[in-house]
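A.B. asks: In the order they appear, the protein sequences are chains H and C.
At position 40 of the first sequence the residue is numbered 40 (my numbering), and the sequence of numbers has no breaks.
At position 318 of the second sequence the residue is numbered 318 (my numbering), and the sequence of numbers has no breaks.
Everything hinted at is true.
Within a straight-line C-alpha distance of at most 30 Å, the following computed DSS-like cross-link-like pairs (lysine-lysine) qualify:
(1) C:K26 to C:K244
(2) H:K8 to H:K147
(3) H:K158 to H:K35
(4) C:K262 to H:K50
(5) H:K163 to H:K7
(6) C:K244 to H:K50
Hints are computed from structural coordinates only; laboratory data are not their basis.
Each chain, letter by letter, is given below.
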Amino acid sequence: MSKPLKKKTYGLLAEYDSARAIYHACEQVRDAGYKVWDSHTPFAVHNLDKAMGLGPSVLPWIVFAMGMTGASLAMLLQWWTSTIDYPIVIAGKPYFSWQAFVPVTFELGVLFSAFGAVFGMLGLNRLPMWYHSLFNSERFLRHTDDKFFIAIEARDPKYDPQKTRELLERTGALHIEEVED
Amino acid sequence: MSHDHDKPFVLPADQIHIPAGSMWRKMPIIGLLLGAAGIGGAWATSHGDTHAFWYAYLVGYMVFLAFALGGLFFVILQHLVRAGWSIAVRRIAENMMITLPALCLLGLPIIFLGAHDLYHWTDVAAVEHDFMLNAKKAYLNEGFFRIRMFVYFGVWTLLSLFFYGKSTGSDGKPELGIRAAHSMRFWAAPALFLFALSLTFAAFDLLMSLDPHWFSTMFGVYYFAGSALSMFGLITLTVILLHKSGYLRGVVTTEHYHDLGKYLFGFTVFYTYIAFSQYFLIWYANIPEETMWFGYRIADDFLPLTFLLVIGRFFIPFFFLLRRGVKRNAFTLTLAAVWVLFMQVVDMFWLIQPVRAHHHALESGDHVMHMHIGAVDILALLGAAGVFIAAFTWALGRKALVPTGDPRIEESVQFENF
Chain H
1 MSKPLKKKTY
11 GLLAEYDSAR
21 AIYHACEQVR
31 DAGYKVWDSH
41 TPFAVHNLDK
51 AMGLGPSVLP
61 WIVFAMGMTG
71 ASLAMLLQWW
81 TSTIDYPIVI
91 AGKPYFSWQA
101 FVPVTFELGV
111 LFSAFGAVFG
121 MLGLNRLPMW
131 YHSLFNSERF
141 LRHTDDKFFI
151 AIEARDPKYD
161 PQKTRELLER
171 TGALHIEEVE
181 D
Chain C
1 MSHDHDKPFV
11 LPADQIHIPA
21 GSMWRKMPII
31 GLLLGAAGIG
41 GAWATSHGDT
51 HAFWYAYLVG
61 YMVFLAFALG
71 GLFFVILQHL
81 VRAGWSIAVR
91 RIAENMMITL
101 PALCLLGLPI
111 IFLGAHDLYH
121 WTDVAAVEHD
131 FMLNAKKAYL
141 NEGFFRIRMF
151 VYFGVWTLLS
161 LFFYGKSTGS
171 DGKPELGIRA
181 AHSMRFWAAP
191 ALFLFALSLT
201 FAAFDLLMSL
211 DPHWFSTMFG
221 VYYFAGSALS
231 MFGLITLTVI
241 LLHKSGYLRG
251 VVTTEHYHDL
261 GKYLFGFTVF
271 YTYIAFSQYF
281 LIWYANIPEE
291 TMWFGYRIAD
301 DFLPLTFLLV
311 IGRFFIPFFF
321 LLRRGVKRNA
331 FTLTLAAVWV
341 LFMQVVDMFW
351 LIQPVRAHHH
361 ALESGDHVMH
371 MHIGAVDILA
381 LLGAAGVFIA
391 AFTWALGRKA
401 LVPTGDPRIE
411 ESVQFENF
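Excised from the complex, chain H in its bound form (with noise of 0.2 Å):
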């Protein structure tokens, strides 16, 4: 006989319904000093990343350091291929010839910044992802139509089952649930 599964909560999720509501309603969520929790909005609101107090990303670390590295791999290659693997003298030039190389040196700068850039977004944002709990919530399902949502997980340090609920009350919520893990 198994004991039947105990019920784990992700947390609370509240719902507004206008771009102006879910912006003062961050700003409060963000002064009240919560980190793990998120917005969703059916389309980008301009400053939202501000209004929640997010730092900036470290994509472009990440692109960086992939397109440094793209960059040096396509010179090594060619210098390895043109100088030592299988010197030949092309149009009377020495074997590495540098000027040649660049071009490809470029593109592979630009098609290892393209991978950082795709790959490190997705890999940032944990994707793909099979599941998620807000889908739990069938009200969520409206935050890519008409309406705004705030999601506080339950293992921010800061939440509290009753404290949260009445900060979220404060925000001017329509509606607060809790949605199961």
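We have chain H; now place chain C onto it with these hints.
C.D. replies: Here is chain C on its own, set in the frame of chain H:
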């Protein structure tokens, strides 16, 4: 985020007008004095060496012509693509553009007095004995050169007067501004054609024909890339200086800095692409009449200058401007803009002066490329700077610092980068 469409959008008058007592309003006189002193001083210090004088004059002229043409390009482009962000800084570019009539006048001495010292192909006897120059005679002859220069000067003057007149004419009159905006957008496309053709051929005639045996179809774009780059540098610098003196605050914001910084970065890459492509094709084909142009630029004294060009035009600004924070900070952006302007001077020097050194190396028989930077070079540069500064600051003080009649000025002032 808040828009109040019931009230008309009005900018604070003390932020967009430079009052009569300001230092900015004295700059036209200072500029004229500097121009006269610079050009006069350059003539005096050249001690009758007309070669030295005219080469130095051409360096200064091409540096400042680049700003004016860059300003014209900026204005045409922003109208063509109906850009919203740039309206708050467009008047700065318009003021740079309206220096074109003055710079056309400054170009007349090159056509009528300096051509024989600068351009070998004006020597009819030498052309007769030179197979290649003889073949190019139909294009490279003094009569046609003068006609072409007058066409370029005419086109530039007309375009700059048209866009300047339309824009300043609707200052403070939004009802006129809508019609002016449509009219400028309509004419922007043909204007860009005229601009591209006139700039390309002017670069061929004024710079490339210094070495008439050499040719590169990319040369016009090369001059354009440097021109656009230095124009963005000067817009940035002007806005920062105006902010320091207490103007345009809350009108031109960090968001506009960021976009100007992006343009500086973008055109750094564009310049590198053009400059490297020009070098790359010539290096690959390895045809003597083409490679010698680079050959004497990497010889002797000019080799360090060529390295400076590669590092200073690409590596330094590229890595410096990569980060977002650098483009949003007035101090770091000032550093970038000043560096870009300095490199434009280096670039023009690198394009022009090696030709004279090459002539000298061949004529004197020692076959060594000597680089001289003397009082005549610095004074000629200051002289051209004086004329440009006089016209530019006169225009700055004459009208509002932003096109207040533009129907989308509010959009531009409140613009934010994502």
